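One letter stands for each residue in the lines below.
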Amino acid sequence: MKIGVLISEGPYTHQAADTAFKFVTAAIAAGHEVPRVFFYHDGVNVATRLSVPPQDERNIQQNWSGLAKEHGTDLVVCIAAAQRRGLLDENEANRQGKDANNIADGFRISGLGQLIEMGIQCDRLVTFGD
Amino acid sequence: MKIGVLISEGPYTHQAADTAFKFVTAAIAAGHEVPRVFFYHDGVNVATRLSVPPQDERNIQQNWSGLAKEHGTDLVVCIAAAQRRGLLDENEANRQGKDANNIADGFRISGLGQLIEMGIQCDRLVTFGD
Amino acid sequence: MATLHTVNKSPFANQSLLSCLNHVKDGDSVLMIEDGVYGGLAGSGLSDAVAAKAGSVQVFVLQEDLEARGIDAGRLIDGVTAVGYDGFVNLVAETDRTQAWL
Amino acid sequence: MATLHTVNKSPFANQSLLSCLNHVKDGDSVLMIEDGVYGGLAGSGLSDAVAAKAGSVQVFVLQEDLEARGIDAGRLIDGVTAVGYDGFVNLVAETDRTQAWL
Amino acid sequence: MSDVKKFLYVNRKAPYGTIYALESLEVVLIGAAFEQDVSLAFLDDGVFQLTKGQKTDGIGVKNFSPTFRALGDYEVTKLYVEKESLEERGLTEDDLQEIMYEDEDDDWEEKPSIRIVSRAEMADVMADQDVVLSF
Amino acid sequence: MSDVKKFLYVNRKAPYGTIYALESLEVVLIGAAFEQDVSLAFLDDGVFQLTKGQKTDGIGVKNFSPTFRALGDYEVTKLYVEKESLEERGLTEDDLQEIMYEDEDDDWEEKPSIRIVSRAEMADVMADQDVVLSF
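Protein chains in written order, with my numbering: chain Z, 1066 to 1195; chain V, 1066 to 1195; chain C, 23 to 124; chain X, 23 to 124; chain P, 29 to 163; chain B, 29 to 163.
Chain Z extracted, bound-state conformation (with noise of 0.2 Å):
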């Protein structure tokens, strides 16, 4: 079966972001498929390669960019929640006239159209979030 995963947190703040990483491991090992995991609100800053997590905590980020290399899970942010928040990629930050961007591997950046779509191709939808 086809899951899509939304995902509306940021990193440490709620465990929005934790839940879905245990819960898409989970189902990938029960021998389901999770094409694409779409990040919006604040679940944008998941992908900030920036992220310095202390040593003995978890480093969300990284848990997500080895899931996408693994499995080859689609990890899209959306452009205008990302924009808001100050989440770019290097074709972002160009075109905003923008010195520096933060995206980490694994991740792209594309519109809110991905979740609409995620929602027409998948079987199920799953929202983590506050």
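No wet-lab data here; the hints were simulated from the structure.
Some clues are possibly wrong.
Coverage of chain V stretches by chain C, computed from C-beta distances (three or more under 8 Å per stretch; other residues unrestricted) [to be verified]: (1) 1081-1088; (2) 1182-1192.
Calculated pairs, EDC-like style, for lysine to aspartate or glutamate (alpha carbon to alpha carbon, straight line, at most 16 Å) [as the list claims (entries may be wrong)]: (3) X:K47 <-> P:D152; (4) C:K75 <-> C:D100; (5) P:K106 <-> P:E132; (6) Z:K1163 <-> V:D1121; (7) P:K34 <-> P:D152; (8) B:K80 <-> B:E149; (9) B:K90 <-> X:D48; (10) C:K75 <-> C:D48; (11) V:K1163 <-> Z:D1083; (12) P:K90 <-> V:E1122.
Some, not all, of what chain X presents toward chain B, calculated at C-beta under 8 Å [as the list claims (entries may be wrong)]: (13) N30; (14) F34; (15) E56; (16) D57; (17) L63; (18) G65; (19) E86; (20) D87; (21) G92; (22) E116.
In this text, all values refer to a predicted model and were calculated from it rather than measured experimentally.
Cβ atoms here follow ideal geometry from the backbone N, Cα and C, with glycine treated the same way.
Given the coordinates of chain Z, assemble chains V, C, X, P and B onto it according to the supplied hints.
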């Protein structure tokens, strides 16, 4: 009277940083002193210079940077909270081996001691959060 | 030695206002801001709880947040007063401490 | 055509669980996760409201979130069942849609 | 038409205190282009999103409430509002903005998009969806 | 000693679902170095922070509950816990961890840091502070 301000939520997602800005502006207009504003929890995300809000919306970071420039308000971002969430200055980026930083003019990164100090030195402490 | 209590969450979604009202002391002030201003609405399921405190405690709502949400000041519970940001600043200065019910 | 409802907020702080219980249909499932697992506690001021629904609706809590918070499964309301992440996945697959009460 | 799904956007939060109401509306507008069967549900504090007379100059935040009136142009015409949620908040339908659409199946007659429903009816609406997005 | 202020850290949120409990504790630890008169208040869902037997391996989040037991070493010895908040949640004092400190004014005798107080007493504690930090 000296009023210290603590902001505990991120920009755009919660109204806290907007309400705090209006409050500080009104406090200064009323003749009070706001020597320091401390950004904690997701509040650290107010300090990113990479945000690009829609043209017809307020720019929260620029509001605060402007206030710091005009009134000399000390805008302090908690270092521990900032590291978790990927908000770095040049120094921190170098120290952590990161290839970019994202802090805006007028903000500085420092320790939680600055929050306690603000509580000791100010006559009042007002918290804006969620 | 009075306290200014601020409440910024809708009392219909969150228990913060009720917990605040359970801990205020006579002579304290309560200021509802942001989504908290809905706590000032007359005729709601929570109006009586707020009105019951509005005697021993001064209850305020932030005018600008009220306007943003399309609520006319005439809709407020009797004894609840709208103030602007300048009034917010005065309340902070006039009381001895501020406690946020986040 | 059953729905899986997820609730992730403490029912002592937030109205989400009560609103969820007011909208579930017979045969639906409710899964409490994250701070929502406190809604499964027996002997609380909210236990009766949950127990009253636990007949017509299947009520679950996420075992890992329960353990994290130091709550023994023996403390759960009768009729509330603990499941792991694998059980969470099964519930999503077995129901027709998932609705999050954020 | 097996590729048309029923999408429900569930709005349970008040506007301005948090961004969820605004960003929910942004999804609805983008989603309209996908020609799915779209409904919006307003319950709990979500009913506050639809109050008329919102003026946000004083808080420095953009007033997005006029956008609800444009939803008809995007063929988003089913806005379910829960009666009990209004009542618990001391509100009536008169406190909400008028939101209309032109019904192309009925000679473009203007009709109200807001449909006041009971809690039980809202539960029925929710149970009749393929995809539920919560904000 | 006019530069010693009474600081109260108010904890009203459950652990792990959000980070406030952990980041509150981080402020308390740093603040201890400033030699102020420190108290902690646990009420509403904040009482859940102190439950014993927390095991977080399953959720992949760090278990910070042992840190509460170290507070005595930082001379943070006044942890007020509201009785009514416990009762509403079906909890008793037995559900909480034992947190002790050594009283230097009483021949280093071990004493409990947790003080169960009524709601009215909690209101008195709150009203007796110079600085109130809410998490």
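Hint by hint, here is what the structure shows:
no., hint, verdict
1, 1081-1088, "holds (count 4)"
2, 1182-1192, "holds (count 4)"
3, X:K47 <-> P:D152, "8 Å, holds"
4, C:K75 <-> C:D100, "11 Å, holds"
5, P:K106 <-> P:E132, "14 Å, holds"
6, Z:K1163 <-> V:D1121, "19 Å, violated"
7, P:K34 <-> P:D152, "13 Å, holds"
8, B:K80 <-> B:E149, "24 Å, violated"
9, B:K90 <-> X:D48, "38 Å, violated"
10, C:K75 <-> C:D48, "9 Å, holds"
11, V:K1163 <-> Z:D1083, "23 Å, violated"
12, P:K90 <-> V:E1122, "6 Å, holds"
13, N30, "7 Å, holds"
14, F34, "6 Å, holds"
15, E56, "4 Å, holds"
16, D57, "3 Å, holds"
17, L63, "5 Å, holds"
18, G65, "3 Å, holds"
19, E86, "3 Å, holds"
20, D87, "6 Å, holds"
21, G92, "4 Å, holds"
22, E116, "22 Å, violated"
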